[in-house]
Amino acid sequence: MHEANAHKARITQIEEFINDVLKEDLKQLEHHLNQFNEEIMEFVQLKNTLQTFGDHMPDGYKTQLNIGSNIFMQARVKQMDKILVNVGKGVYLEMSMEEAIHYSDVRIKILTKQADVVRDESIKKRSQIKMSLIAISEREKLLQQLDER
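Take the sequence shown: its position 109, counted from the start at 1, is 109 in UniProt numbering, and no numbers get skipped.
Everything labelled a hint here was simulated from the structure, so no lab data went into it. Mixed in with the good hints, there may be bad ones.
Stated by the list, open to error - Once the Cα atoms are required to be at most 35 Å apart in a straight line, the calculated DSBU-like pairs of lysine-lysine come out as:
{"id": "1", "residue 1": "K62", "residue 2": "K109"}
{"id": "2", "residue 1": "K141", "residue 2": "K125"}
{"id": "3", "residue 1": "K130", "residue 2": "K141"}
{"id": "4", "residue 1": "K27", "residue 2": "K125"}
{"id": "5", "residue 1": "K62", "residue 2": "K89"}
{"id": "6", "residue 1": "K89", "residue 2": "K124"}
{"id": "7", "residue 1": "K82", "residue 2": "K27"}
{"id": "8", "residue 1": "K27", "residue 2": "K109"}
{"id": "9", "residue 1": "K8", "residue 2": "K125"}
{"id": "10", "residue 1": "K78", "residue 2": "K47"}
{"id": "11", "residue 1": "K113", "residue 2": "K124"}
{"id": "12", "residue 1": "K8", "residue 2": "K82"}
{"id": "13", "residue 1": "K141", "residue 2": "K109"}
{"id": "14", "residue 1": "K27", "residue 2": "K47"}
{"id": "15", "residue 1": "K78", "residue 2": "K62"}
{"id": "16", "residue 1": "K141", "residue 2": "K27"}
{"id": "17", "residue 1": "K113", "residue 2": "K82"}
{"id": "18", "residue 1": "K23", "residue 2": "K124"}
{"id": "19", "residue 1": "K27", "residue 2": "K130"}
{"id": "20", "residue 1": "K109", "residue 2": "K82"}
{"id": "21", "residue 1": "K89", "residue 2": "K78"}
{"id": "22", "residue 1": "K124", "residue 2": "K47"}
{"id": "23", "residue 1": "K23", "residue 2": "K89"}
{"id": "24", "residue 1": "K124", "residue 2": "K141"}
{"id": "25", "residue 1": "K141", "residue 2": "K62"}
{"id": "26", "residue 1": "K23", "residue 2": "K113"}
{"id": "27", "residue 1": "K109", "residue 2": "K8"}
{"id": "28", "residue 1": "K125", "residue 2": "K47"}
{"id": "29", "residue 1": "K113", "residue 2": "K89"}
{"id": "30", "residue 1": "K27", "residue 2": "K8"}
{"id": "31", "residue 1": "K124", "residue 2": "K27"}
{"id": "32", "residue 1": "K125", "residue 2": "K113"}
{"id": "33", "residue 1": "K124", "residue 2": "K109"}
{"id": "34", "residue 1": "K113", "residue 2": "K130"}
{"id": "35", "residue 1": "K109", "residue 2": "K125"}
{"id": "36", "residue 1": "K23", "residue 2": "K8"}
{"id": "37", "residue 1": "K47", "residue 2": "K62"}
{"id": "38", "residue 1": "K141", "residue 2": "K113"}
{"id": "39", "residue 1": "K47", "residue 2": "K141"}
{"id": "40", "residue 1": "K113", "residue 2": "K47"}
Based on the sequences and whatever the hints tell you, model everything.
Given below as structure tokens:
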């Protein structure tokens, strides 16, 4: 009887570990992975936009500019040799189109590697959850064997 109680207590500990630690870690990792994916998509979009401007709009373009209180004014961008790129923390650098495209490529590579690391950690957490569930299953089998005696 004492052995059965020990197995039940251990099963409870493993279940609490899965729910309180492993699943919470997995949620955090998935949140970080989503953030990396959003950033990657922003830089891919920036790169595609810059390439479209360079290929199809060498003489500039027309746009509407919000001048405040959702009042828009028609504007024409004639000079597109330099743009401002947000490099993080609200800091903008002036870059040429080629520099901005290169910057986007580098950021995409860095963010992809960081996302891969987080994805690998997520896989490890999932495998820890599976192993813990297997441990619970084995303990439950032992409990059944003890009950049959």
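Each hint, compared with the structure:
1. Proximity of K62 to K109 is assessed by CA-CA distance (about 32 Å); at most 35 Å being required, the pair is judged to hold.
2. For the given pair, K141 sits about 24 Å from K125 by alpha-carbon distance, which is consistent with the 35 Å threshold.
3. Between K130 and K141, the direct Cα distance comes to roughly 17 Å. Compliance with the 35 Å bound is thereby established for this hinted pair.
4. Restraint check for K27 and K125: the C-alpha separation of about 10 Å stays at or below 35 Å, so the hint holds.
5. Restraint check for K62 and K89: satisfied, since their Cα atoms lie roughly 30 Å apart, inside the 35 Å limit.
6. Taking the CA atoms of K89 and K124, the gap is about 32 Å. The hint holds against a cut of 35 Å.
7. Simply put, K82 and K27 have alpha-carbon atoms about 41 Å apart, too far for the 35 Å limit, and the pair is violated.
8. For the hint linking K27 to K109, the alpha-carbon distance of about 24 Å falls within 35 Å, and the restraint holds.
9. A threshold of 35 Å between alpha carbons decides the hint, and for K8 with K125 the separation of about 24 Å falls inside it, so the pair holds.
10. Only pairs whose Cα atoms come within 35 Å are accepted, and K78 paired with K47 is accepted, the gap being roughly 20 Å.
11. For the hint linking K113 to K124, the alpha-carbon distance of about 17 Å falls within 35 Å, and the restraint holds.
12. As the CA atoms of K8 and K82 are separated by approximately 68 Å, the hinted pair breaks the 35 Å bound.
13. Proximity of K141 to K109 is assessed by CA-CA distance (about 48 Å); at most 35 Å being required, the pair is judged violated.
14. Using a Cα cut-off of 35 Å, the hinted pair K27 and K47 holds, with the two alpha carbons roughly 30 Å apart.
15. Restraint check for K78 and K62: the C-alpha separation of about 9 Å stays at or below 35 Å, so the hint holds.
16. In summary, the hint linking K141 to K27 is supported, as the alpha carbons are separated by about 30 Å, within the 35 Å threshold.
17. Proposed proximity of K113 and K82 is supported: the alpha carbons are some 29 Å apart, at most 35 Å.
18. Under the criterion of a C-alpha separation no larger than 35 Å, the hint pairing K23 with K124 is consistent with the structure, at around 12 Å.
19. The suggested pairing of K27 with K130 holds, with an alpha-carbon distance near 16 Å, which does not exceed 35 Å.
20. Restraint check for K109 and K82: the C-alpha separation of about 23 Å stays at or below 35 Å, so the hint holds.
21. Between K89 and K78, the direct Cα distance comes to roughly 29 Å. Compliance with the 35 Å bound is thereby established for this hinted pair.
22. Under the criterion of a C-alpha separation no larger than 35 Å, the hint pairing K124 with K47 is consistent with the structure, at around 33 Å.
23. This hinted pair checks out: K23 and K89 have alpha carbons roughly 31 Å apart, not beyond 35 Å.
24. Our distance criterion of 35 Å between C-alpha atoms is met by K124 and K141, whose separation comes to about 26 Å.
25. With a C-alpha separation of about 72 Å, the suggested pair K141 and K62 falls outside the 35 Å cut-off, and the hint is violated.
26. For the hint pairing K23 with K113, the CA-to-CA distance comes to about 24 Å; that is within 35 Å, so the pair holds.
27. Restraint check for K109 and K8: not satisfied, since their Cα atoms lie roughly 48 Å apart, outside the 35 Å limit.
28. Between K125 and K47, the direct Cα distance comes to roughly 34 Å. Compliance with the 35 Å bound is thereby established for this hinted pair.
29. In summary, the hint linking K113 to K89 is supported, as the alpha carbons are separated by about 21 Å, within the 35 Å threshold.
30. For a cut-off of 35 Å, the pair hint linking K27 to K8 stands: about 27 Å separates their Cα positions.
31. With a C-alpha separation of about 13 Å, the suggested pair K124 and K27 falls inside the 35 Å cut-off, and the hint holds.
32. A hinted pair counts as satisfied when its Cα atoms are at most 35 Å apart, and K125 with K113 qualifies at roughly 19 Å.
33. Between the alpha carbons of K124 and K109 the distance comes to roughly 23 Å, so the proposed pair stays at or under 35 Å and holds.
34. Between K113 and K130 the alpha-carbon distance is near 26 Å, which keeps this suggested pair within the 35 Å criterion.
35. With a C-alpha separation of about 25 Å, the suggested pairing of K109 with K125 holds against the 35 Å cut-off.
36. For a cut-off of 35 Å, the pair hint linking K23 to K8 stands: about 21 Å separates their Cα positions.
37. As the CA atoms of K47 and K62 are separated by approximately 20 Å, the hinted pair is consistent with the 35 Å bound.
38. A C-alpha spacing of about 42 Å is found between K141 and K113, which places the hinted pair above 35 Å, so the restraint is violated.
39. Under the criterion of a C-alpha separation no larger than 35 Å, the hint pairing K47 with K141 is inconsistent with the structure, at around 57 Å.
40. Annotation: proposed proximity of K113 to K47 holds, straight-line Cα distance about 18 Å (limit 35 Å).
Of the hints listed earlier, those the structure fails to meet are numbers 7, 12, 13, 25, 27, 38 and 39, in rising order.
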